[in-house]
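Here the protein sequences come in this chain order: A and B. No gaps in the numbering here: position 262 of the first sequence is 262 in my numbering, and each next residue is one more. No gaps in the numbering here: position 312 of the second sequence is 312 in my numbering, and each next residue is one more.
It should be emphasised that the hints constitute simulated quantities derived from the structure, not laboratory data. Ideal Cβ placement from N, Cα and C applies to all residues, glycine included. Treat the hints loosely; a few may be bogus.
Simulated crosslink set (SDA-like; lysine to any residue; CA at most 25 Å straight-line) [stated by the list, open to error]: (1) B:K29 x A:D359; (2) B:K29 x A:F358; (3) B:K341 x A:Y124; (4) B:K33 x A:I108; (5) A:K57 x B:A343; (6) A:K57 x B:S384; (7) A:K57 x B:K29; (8) B:K341 x A:V92; (9) B:K57 x A:K33; (10) A:K29 x B:Q318; (11) B:K57 x A:R90; (12) B:K341 x A:G89; (13) B:K57 x A:E351; (14) A:K57 x B:K282; (15) A:K282 x B:H120; (16) A:K57 x B:F358; (17) A:K57 x B:K57; (18) A:K57 x B:H120; (19) B:K57 x A:A343; (20) B:K57 x A:G379; (21) B:K341 x A:M62; (22) B:K57 x A:D336; (23) B:K29 x A:Q318; (24) A:K33 x B:G332; (25) B:K341 x A:R90; (26) A:K57 x B:Q318.
Listed next, with one range per pair, are the computed distances between beta-carbon atoms [claimed, not checked]: (27) B:E362 x A:D370: 41 to 47 Å; (28) B:A357 x A:E260: 39 to 45 Å; (29) B:E7 x A:N352: 50 to 56 Å; (30) A:G71 x B:D336: 37 to 43 Å; (31) A:G381 x B:E7: 54 to 60 Å; (32) A:S143 x B:L339: 45 to 51 Å; (33) B:T109 x A:E217: 55 to 61 Å.
Protein chains: 2
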Amino acid sequence: MNALGFERILGGVCAPVGFLAAGVACGIKDEGKPDLAIVYSERPATAAGVFTTNQMKAAPVMLSRERVLGGSAQSVVVSSGNANAMTGGRGVADALAMVDAVEKALGITSGQALVASTGHIGEYLPMERVLSGIEQATDELSSGGNTDAAKAIMTTDTYPKELAVEMLIAGRTVRLGAMAKGAGMIHPNMATMISVITTDANLTNEVMQHWLEQAVEWSFNRTSIDGDQSTNDTVVMLANGAALPEGYEMTRDEAELFFEALCWLTGHLAMALVKDGEGASKLMRVVVNGARENLDAIRVAHAIANSTLVKCSFYGSQPNWGRIAAAAGSAGVPLDQSLVKIALGEHTVAENGVPVAFDEGELREILKRDEIEITVHLGLGEGSAYYLTCDLSAEYVEFNAGEKS
Amino acid sequence: MNALGFERILGGVCAPVGFLAAGVACGIKDEGKPDLAIVYSERPATAAGVFTTNQMKAAPVMLSRERVLGGSAQSVVVSSGNANAMTGGRGVADALAMVDAVEKALGITSGQALVASTGHIGEYLPMERVLSGIEQATDELSSGGNTDAAKAIMTTDTYPKELAVEMLIAGRTVRLGAMAKGAGMIHPNMATMISVITTDANLTNEVMQHWLEQAVEWSFNRTSIDGDQSTNDTVVMLANGAALPEGYEMTRDEAELFFEALCWLTGHLAMALVKDGEGASKLMRVVVNGARENLDAIRVAHAIANSTLVKCSFYGSQPNWGRIAAAAGSAGVPLDQSLVKIALGEHTVAENGVPVAFDEGELREILKRDEIEITVHLGLGEGSAYYLTCDLSAEYVEFNAGEKS
């Protein structure tokens, strides 16, 4: 184990004991691209979930959200290429038919399958293909199917995203695994993100729900993919307890370690999603300090991370810090501009609200980096927050002007 | 006079009697581009103004905002190429030196000149050049200087924007004139808009302030240039009363006519700003009906008008109405998706929250138009609102990735 107390391992969602996965191409997408994944726990598992707060929730979100409240689930089916959103009663019936088919094929109790979908909004699912895909995927489930599954949930991602870690708890090896699919764009804007997290720890669903909400808040919700906004955003977690004695209760230290590992996992997946944002060429970490309270800092960081002009500046590697100041000022948070300090990487560019002399050539070199830290100190208190974002490129626009992208 | 009761005339800010203007190049911008404008009323005038609510207000905004509270002003100086924002005490001193120079050159009472600036943030003004520009502009003031002035306030606009109308009030011809400069981009985002409006009506500053606020709310504030957001947004209005007998009070009908004309003027300038947005190829008018209240409708319209994905769809002429639905759902307004109806132009694409069959080829033709109406009916009440926006193009991104754009 490393200094963190956990270690990265291979295996994605299949790394924890007792989890199988598969990914197949069933014809939702064109050209035989993989578009249906199933994750399955061989034993009953507790479940937790975090879902979009968009008012136009997709049918699978409505269904899975309700099921997670029951506290347990043994399988998750994810389809990509069609979001099953804005599809009314027929969409709900289709989502239900998907989980029914999974439960039947796997022989699990009714109500124990969850569903998530991602893709184009406002089209009905091709159910014949989807159901035959479910049949095929359940047939192909294996402990080595994690990468196939991670590939099958992709939409505009350029590579599959999966991670796993292991740690020692009560002298046993406990594992956490995850896969995620990214967002169209790194903007709080309809870009669906889906993640499935698995563990062989045993957790009550109350504890797991609480931890998952925290972990999502500090990762996916700080990437300006913003789980709040898409019709389909879904993060679900299953814990099957296979690694620990039945009824084992973690000590406080063990619980802390596990939670740290969960946050590391979601944090690194969130970073991967941002880096793989459509047309993104660099990752920007916006850090806001010195706010009156954390909530103020979050609002300011969000405004900067989502400013189109700021994102364009970074695409062009321009040290245009005035746009950062203006974005901060537009957050609706009372500020005193004479106290504001702004730094790009290690270079302070403004202090006390006025420009500071800097070597423009040196700064341009910093701005060409793959990862850039933007630090804004408001000088008002102890509140702080961070946000991950990426630059906005012409490639992004061309991509999203395309058909059904 | 036309059916509206007023008629479009030439002359911009110089159309009303007693107003002179000039625009010169003083070296704030490179390559001898015009960058300083002055508008001057030969007689004392009442004043009103609407300014940005950004927390990082530029020095000229702080100064002019305070002066407008005094209720009168006889001149406005506008510089472009440098926003005099994030420039601290030195910026305030520079703004003050500008109005002092104007007052001295024109021989008007101290406190009767206003100032606005637009351009790059975080740089000090080249005051020697600015002051000599003020000298030159005051020398060149003329009743035909309106277009020179409109050109001198431009930053990324591709053409000057000015309008004027005349109407009959108390048997006299009363005129309203205006010029405006657009925003970097049609997004609530640091894009400075500046407008100067003149009239030879006589108005108390209380009435004029109220009317101007309403007119701005229904025009510039509904274009997703969003006056709330830039460091420098400024709309100022001067009324010198030259066309009407001293102390004349408009009848209710006359006041309505004048207010209508003012709204027509600001509305058409706002449309011109949107059409001339950087890289914009089409104008979209987002109309939201059936909200519980107008405020809800505004929030939903704003969310749609500012969705990067929606704007990209229209750039690509794609009938991707799911993005419109998702943007509406992300506005934070409680909705019932089963009641939602969406139309593009005259074609309904979704009803009761589900897709409606439509001729995709026909719809694509509509989407290729220069102006497109997006109508969303929420089915919840009588609240309605509209928003003007434009598409987001790859050209926009390339432009804003450039140096000091």
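Hint check against the structure, violated hint numbers in rising order: 4, 7, 9, 11, 14, 17, 18, 24, 28 and 30
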